[in-house]
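Participant: From first to last, the protein sequence lines stand for chains D and P.
Taking the working numbering, the leading residue of the first sequence gets 134, the next gets one more, and so forth.
Taking the working numbering, the leading residue of the second sequence gets 1070, the next gets one more, and so forth.
It is worth saying that the hints were derived from the structure and are not from the lab.
Don't be surprised by glycine CBs; every beta carbon is placed ideally from N, CA and C.
You can take every hint at face value.
A partial selection of chain D residues facing chain P, derived with a Cβ cut-off under 10 Å: (1) Asp153; (2) Thr156; (3) Val157; (4) Glu162; (5) Phe178; (6) His181; (7) Arg183; (8) Gln185; (9) Gly186; (10) Asn191; (11) Pro210; (12) Val212; (13) Ile215; (14) Arg222.
Restraint-style ranges between C-beta atoms, simulated for each label pair: (15) P:Asp1817 x D:Arg235: 28 to 36 Å; (16) D:Pro141 x P:Pro1788: 31 to 39 Å; (17) D:Arg235 x P:Ser2435: 45 to 53 Å; (18) P:Asp2182 x D:Lys193: 36 to 44 Å; (19) P:Ala2027 x D:Gly165: 55 to 63 Å; (20) P:Asp2252 x D:Leu175: 54 to 62 Å; (21) P:Gln1761 x D:Arg235: 49 to 57 Å; (22) P:Asp1817 x D:Lys193: 15 to 23 Å.
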Amino acid sequence: MIPAHLTPMVKLEIVVDDTDISTVSRMLESQGATGWTALPGLSGFGHHGRHQGRLLFNDKGGQTLLMAVVPPTVAEPIVAGIQELLANRPGVMFVSETFVSRPAYFGAVASATD
Amino acid sequence: MSLLRAVRFALGASATTSVAILVWVVADGPRAVDGPVLSVGSTAATLGLSVDLIAAVLLVLVTGVGAVSAAFAARNLLGGARLARYAALHAATVAGLALAVTAASLPLLVVGWTLAGLALAGLVSHSGTAEVRRVAAAVRIRLLAGDLLLALGVVVAGTALSSLDRVDLAAATEAATTGADAVLVVLATVLMVLGASVRSALVPWHRWLPETAEGPTSTSALLHAGLVNGVGLLGVLAWPLVAASWPALVLLVVLGATSAVVATLLGRVRPDVKGRLATSTSAQMGYLALQVGLAVPAAALFHLIGHALYKATLFLGAGSTVAQSRLAAPAVPGRVVTGAAVLVAGAVTAAVAVPLLVAWPEANKGVSLVVPFALATVVAGIAMARLIADPATPILGRLLSAGAVLGVLVGFVVAALAWMDAFADTFAAPVALDTAALAMLVVAVVLAGLIGVGLDWAVRRGRLPWLPVRAALQSAPLMRPLPRRVGSVETGEFHEPTQADIARTRAVMDVAADSVGPTWPLTAYVAANPVAGLERLSYVEALAAASSVWGDRRDIGDAVFRRYYAHGRITDADLDAVIGERPDSADVRALLLADPDAGAHLHAAASEAVAGRTGEGLPRSGAHTWHGETAVEALDELLGARVTAWVDAQAAVWSAVVHGPPSAWGSGHDTLYAAWRAALATGAADGPLGVQGAGELVAGLPERSDAAVATLLDRLDVPHRQRIGYLSRTLARMPGWAAHQAWRAAHDPRHDIADLLAVRLGLEFVLVSAATSASFGRPARWQELVTMLDERHDWDADGAPALHAGPQADAADLLAWAAGAVGWDERRLAQAGPDEVDRLITIARAFPPHVRLEMWQSALERSFRHDLLDTLRPRSAGVASPRPAGPRAQVVTCIDVRSERLRRHLEDAPDIETLGFAGFFGVPFSLVDADGLTTAQCPVLISPSNSVHGASPSRPVAASAVRSTGRTFRAAQKQPLLPMVLAEATGWLLGAAATVRTVAPRLAKSLERHGTFRPPEALVLSGADGSVGFDDSERVYLAEASLRAMGLVEGFAPVVVLLGHAGDTTNNPYAAGYDCGACGGNGGLVNARVAAIILNDPQVRDGLRERGIDIPDSTVVVAGLHDTTRDVVSLLPELPLPEVPGHLLATLADDLDRAARATAAERLRHLPDVPARVAGGKDAGRDHAARRAADWAETRPEWGLAGNAALVVGPRELTRGLDLDGRVFLHSYRRESDPDGAALEVILTAPLVVGQWINSGYLFATLDPQRFGAGDKALHNPVGGIGVLRGAHGDLRLGLPFQGISAGSADPSGLPVHEPQRLAAVVAADREVVAGIIDRQPSVRRLLTGRWVSLYVFDAGTPDVWQWTSNGWHRVLTPPVASSSRILQEVSS
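Use the sequences and the hints to build the structure in full.
Facilitator: Next up, the structure:
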């Protein structure tokens, strides 16, 4: 069970082409995400075929997973923006609920109960 | 071409004759050529020539500048059009000027003067486009206005004076002392001064001068050195007349001081080199006018000549500013220099000026020379300050440098004084101002100068925001946005968009940016696909998308392919093969071969044929989802305005000012949107925009640019599903600056593509609201404008076809064209039944322009590819050329197509083995050189995470002194007002340099090389912290990857050479384009050195041994450089090599030299303007190549990668001995050493991709040089190190210049040198391995399925060739090609 003192947040996991990393990261940052993490060199399979991990001399040919944890209010517009992007680009986005112990660290406004 | 050459020789001869005349005049006194005497009333004027000392000196200047610029033009314009016209006008300009300076009387002077002006305006319109002709007409009108004033002044003078002859002018003026005559003299001189001021582009008539950058560089040199000297010429040639009229003198001083101050400030906001030089000319002309007004015409003559030489040299050398910004190191901070300089200057001026004033007998001379001497002491002060503050130069170097600067300045002072003495008698006319008045004027001038310096300081610190805004707006082209001034625009609040809206807008902007490709600053230029973002689409779709969104949105023409067909390069067999077997193949062929205007005469008949048929009955094309026009374009169509062009120009100006070289304009905002918004919010732009309240409106926009874009799209009422298209079109109107903005955004988080979009949309919104309010009573939205357009087109049913015309008009056009193509006449069309009509329309719709273009392209590619595959086929099965056993050396070159020639010639020595690998040799890093400059030495696909530091050993003293002196003069150039004295002090030197560069380019280049010599840096590969260099495991990893990729894992020779390459060109903004593309547009030597260090490292060799690669201890790896422009190969051993017998390296060096010479001779055959002796001789080729590399006027120093058509990945045995004519990228690969295909995967996902980018860059630049290429180099105007403008204004140019892909008119066939072929990749590997790689690598897969690249595989030893298609492997059958039409030849061994 989730310990009671943890605060619910939204976790976003976005897989996009390497060339779209800057768009997604800019969107995250400008909407108020306090941080994000990128895992490059993904392998996988999808609607656009297969793709295989990190390339030696090409930083722009693969796909990357970007992860960010944001408060729900911040998540809404980001999701709207990424949806718009994915309507025209390969990639996927997973939105899930997660819990953190330092909500302020992730940009949550302090609530009255704190 | 021959006429231009003839003019060049004639002017050269006349320049030498002028020098002789000067000597003659100095020795023997003035000469005259008598002519008829024109008598009007009591006034006489001799229509002949009179050459006194002044005229002789000016004649030398005019003919000398004319000769140098003609010589420059003869090289620079080679292969261009209308050269005979250029030659004639150039000669006419020089003739006019020569006439003006040697005229015996004033009327004849005016004739020559006017003639020169008219001819020069003709030169400005050399490129012949409509826009340029408009600019030239505007220039011509202004020049003629000035000439009219001048002529009027001469006429008025004629009524007062008895003679208008120059020799009698002093006497005639003295005689005209009666009341009426004196007034007339005053009036005449004032008119003449005004006329000359227009010619000299003094403020407020200065705006025409920067516009002349629309003409070629040689025209600008002639203009700024010869023609623009109006006030100076008037002052010295008609001195007695001017001197007698004190209002004229005062007017000169007032205009001169104003120009000197204002033009200097204006120059601060010009980002382009030619614009800056032009505004600086206005300032210099102001100074010239000052000198005349202060009654020192001898000084004015001195300045005139110095400035002419100075400016001409700077203009001709404008192309080198890109290279200079590439090498520009952080200079000594400006503040330290200025503060110290001012202190020192103040003290020295006081110490020098007071004795001058006291001791000089002629007070005039003393008083008036205070100004230049004061400026000279400031320069001296700067030199002293640098002496103290420049730590990078050794003490001796600094002393030498200070000595050089002081020497130049002292020389200047001495020369100026000697000059004044020499001309003392010549300018002995009485001056209408007494000493006291002159002194007051000097004080006024000094005050003006101080005000100017103060204003400059204020502008730099952002204290006067309105001034740079006005200046920036002024630097846009001479046009008004709206047909008439409109009233105010609605202000109202802009709603803050929701965060979700902003996020969605960001996604939309990113997708819209697909339509503009990536671009790098010219300092690291790599040819790339201008529509790279569209590589997600297939090639055909990308052609359609690009042509419908970019620029003027016409289709990319297939004219170049039809020329190939006419020449027989594309045969009927090729066309048949491409069309394929189909019942209507004859019709399809007819459509392919049809002209774009076939069937123009059948329009009426076609309309009839489809008339009466409703929309449903006609075959439909795909529905338009977007009307294709933005709000301003719709507005322009409705109102007949040119708002869109104005918005384009403004957005370009703002981009250039913000991103260009650091201007002194301290607006406090360094991003485009913030700077623009702050500037407009001051209200200073309301006037030029013609819209009241524009500033308020803009101030109400959101602070963040992405929010601004979101809210503006809402206000313009652009529906969501149209926004991507709308923004695509907005960006594609200025693809150059858009691409640069995208590059900046990728490298600097403060910048954003939204900035540019917000600026454009903001301007569009303001103008559309204002214009529609004025025309329709209320502001209209985009939807309404488009609807209005739709309705209007419905009414104009028989007008020109519209983008969104109804299906009937659409079909009629197609029918008319198709019918014309298949050869129907009007009667046949009228008789055609509805089925036949439908068939024709359907077939025309099935083969739209971009599909036909691709078919032509496939036809062109077919024969080359079949020839290549057919030639390689027998070599793949057997072992035709075995690998040399026990080679004495292995030379690894870049895969660059230029290496093919070198490798072929090198292999004439049978025991040398060559290999090909990407030119960065598998070691990507950032190089941080001794000055702190960082370059990424790797393909642009990689962001390097390792860095290598270069530690520079100290330069030779002479070189460091030269460098420091250069920096001092450049620092002085940047200060306000100092360029005045620099022009005088250094003009002569620069003029000499220009002459040497013109007459003996190789000598000039070798002198420069000595002056700037930098010994190679010591490279530091490992620092105390792990961040520098490569750690041990990285070294082994990268070394193994590279060796396996090349297939070099055994059989190492005693010497392995890693040969990086670089180009060597002069005065060339595109210099980086000749360097190594795999090294990010930099030279490859440093990569070769780093790789050699790694491969020589014993620890690395131990690691490699563990991984199965055993490099014998006796093998030494050596780095070298192939200079591809001069074809010189030099080896650079890092360490002393005791193990390698000295003779081995010496023999190898000999072999490399021999091969390089042969490469030069072979390569030069293909360049235009190569003397016949080059083909035969051994050294003649090298010498000629060196000349091309050193010549500052040369636009085609080498062909670079032009002609590239294929990439072959396989062992050298496959291609050894084959003459591939420098058209193939060669990458070594052995499948035996790569069982799992890992190395092949590296090759296909990196070198193949880079090769395809380069190929696409050349391809699109050849298909459409104006849109996807940078156009004519002679018109290029660099903006810092970023890029070039074409002419005076406008968008940054993308892509390769015209001279990079074609010889133009210098090639009689009229075909471009680069054949527009897509890349064919030929791989010697197992099909399953290749298929597996394609299956799991989307970047490669996309290129293949989209038909950007075709992939052919020679499978393991079988004779079959297989092509990869999305439907599987397809065996390629190549019919035997007749030997006469073979493109590739076997080299007889």
